[in-house]
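Going down the list, the sequences are from chains A and B. Each residue of the first sequence is one higher than the last, beginning at 5 in the working numbering. Each residue of the second sequence is one higher than the last, beginning at 5 in the working numbering.
Just to be clear, a hint being listed does not mean it is correct.
Remember, identical chains collapse to one label, so a pair may be satisfied in a single copy or spanning two.
[As the list claims (entries may be wrong)] Computed cross-link-like contacts, DSS-like style, restricted to lysine-lysine with a CA-CA straight-line distance of at most 27 Å:
#1 Lys85 / Lys64
#2 Lys66 / Lys82
#3 Lys37 / Lys85
#4 Lys82 / Lys46
#5 Lys34 / Lys82
#6 Lys85 / Lys70
#7 Lys82 / Lys60
#8 Lys70 / Lys82
#9 Lys37 / Lys70
#10 Lys34 / Lys85
No wet-lab data here; the hints were simulated from the structure.
There are 2 protein chains.
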Amino acid sequence: MEEGTDNSIFIGTKPFMNYVTGVVVQFTTKGAKEVLVKARGKFISRAVDVVELAVKRFLKNKIQIKNITIDSEEFTNKEGKQVHVSTIEIILESI
Amino acid sequence: MEEGTDNSIFIGTKPFMNYVTGVVVQFTTKGAKEVLVKARGKFISRAVDVVELAVKRFLKNKIQIKNITIDSEEFTNKEGKQVHVSTIEIILESI
Numbered sequence: 005m006e007e008g009t010d011n012s013i014f015i016g017t018k019p020f021m022n023y024v025t026g027v028v029v030q031f032t033t034k035g036a037k038e039v040l041v042k043a044r045g046k047f048i049s050r051a052v053d054v055v056e057l058a059v060k061r062f063l064k065n066k067i068q069i070k071n072i073t074i075d076s077e078e079f080t081n082k083e084g085k086q087v088h089v090s091t092i093e094i095i096l097e098s099i
Numbered sequence: 005m006e007e008g009t010d011n012s013i014f015i016g017t018k019p020f021m022n023y024v025t026g027v028v029v030q031f032t033t034k035g036a037k038e039v040l041v042k043a044r045g046k047f048i049s050r051a052v053d054v055v056e057l058a059v060k061r062f063l064k065n066k067i068q069i070k071n072i073t074i075d076s077e078e079f080t081n082k083e084g085k086q087v088h089v090s091t092i093e094i095i096l097e098s099i
C-alpha cells in the first residue's frame, strides 16, 4: 500500500475514538479493502489499541490483520541533535 | 516459542538499556537462536524501541525480526472494572 493514500490512518493526539471510527468508516462507508494504521514513538501503543478495538470489537469477523512492520526513522531535532524514532505500520484487510 | 522460557524478555519500567543488553546477551553469551520480546499497554512503544536498537545497531546483520503479533488481554482491575490491555510479541532470530 502506498503512503499518503486515503486508506492511511496516522495515530496522534486526537481523541482515541476518532481513530477507531476512522478505521470503521474506511471499511464500511468507503468500502476499503485494506487500511494502513501508522504511528511513531509513544503513539505506537495507541495504534495497537486502535487496531485491537477495531478487529476484536467494532469490525469483529469482518477485518483481520494482514501484516505488521516496525522500523525506525532518524532525524535532526530542534536542538540540532540526531534522534531516532521507532515506527509501526499495521495493514488491516477485510475478510 | 513457549512463554516463560529464558529466551523471553518482558519490557517494563527498568532502565531502557537493561532490555537492549538483555537481548544482546541472549543471542551472544547464551547463544539463543530466537528471543521473544513482549510488552503490554504503554510499554509496547518501548518494546519496539528496544527491538529497533538491537536489530539496527547492536546486533546489526546478526539478527532479524521473524514475526510480530499483537493481541489484547481482558482482566478485572482493583476497582472491579473490566479492562482491556493490548499486547505485542516480537520474535527475533539470529541470521
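Since the copies are identical, ignore which copy is meant and state whether Lys66 and Lys82 lie within 27 Å (CA to CA) inside a copy, between copies, both or neither.
Neither: 43 Å inside a copy, 33 Å across copies.
Intra- versus inter-subunit Cα pairing at 27 Å for Lys37 with Lys85:
Neither: 41 Å inside a copy, 35 Å across copies.
Given identical chains, is Lys82 near Lys60, meaning Cα to Cα at most 27 Å, within a copy, between copies, both, or neither?
between (40 Å within a copy, 24 Å between copies)
Checking an output row: Lys85 and Lys70, CA cutoff 27 Å. Within, between, both or neither?
neither (36 Å within a copy, 32 Å between copies)
Intra- versus inter-subunit Cα pairing at 27 Å for Lys70 with Lys82:
neither (36 Å within a copy, 35 Å between copies)
For Lys82 vs Lys46, is the C-alpha pair at or below 27 Å within one copy, between two copies, both, or neither?
Both ways: Lys82 and Lys46 sit 19 Å apart in one copy and 26 Å across, limit 27 Å.
From the Cα coordinates, with 27 Å as the cut-off, is the pair Lys37 and Lys70 best called within, between, both, or neither?
Classified as both; 11 Å inside a copy, 26 Å across copies.
At most 27 Å between alpha carbons: which applies to Lys34 and Lys82, within, between, both or neither?
neither (39 Å within a copy, 41 Å between copies)
Since the copies are identical, ignore which copy is meant and state whether Lys34 and Lys85 lie within 27 Å (CA to CA) inside a copy, between copies, both or neither.
neither (42 Å within a copy, 35 Å between copies)
Status of Lys64 relative to Lys85 across identical chains (alpha carbons, at most 27 Å):
Cα proximity of Lys85 and Lys64: across copies only (23 Å, versus 44 Å in one copy).
Violation of the numbered hints given earlier is confined to hints 2, 3, 5, 6, 8, 10; the remaining hints are satisfied by the structure.
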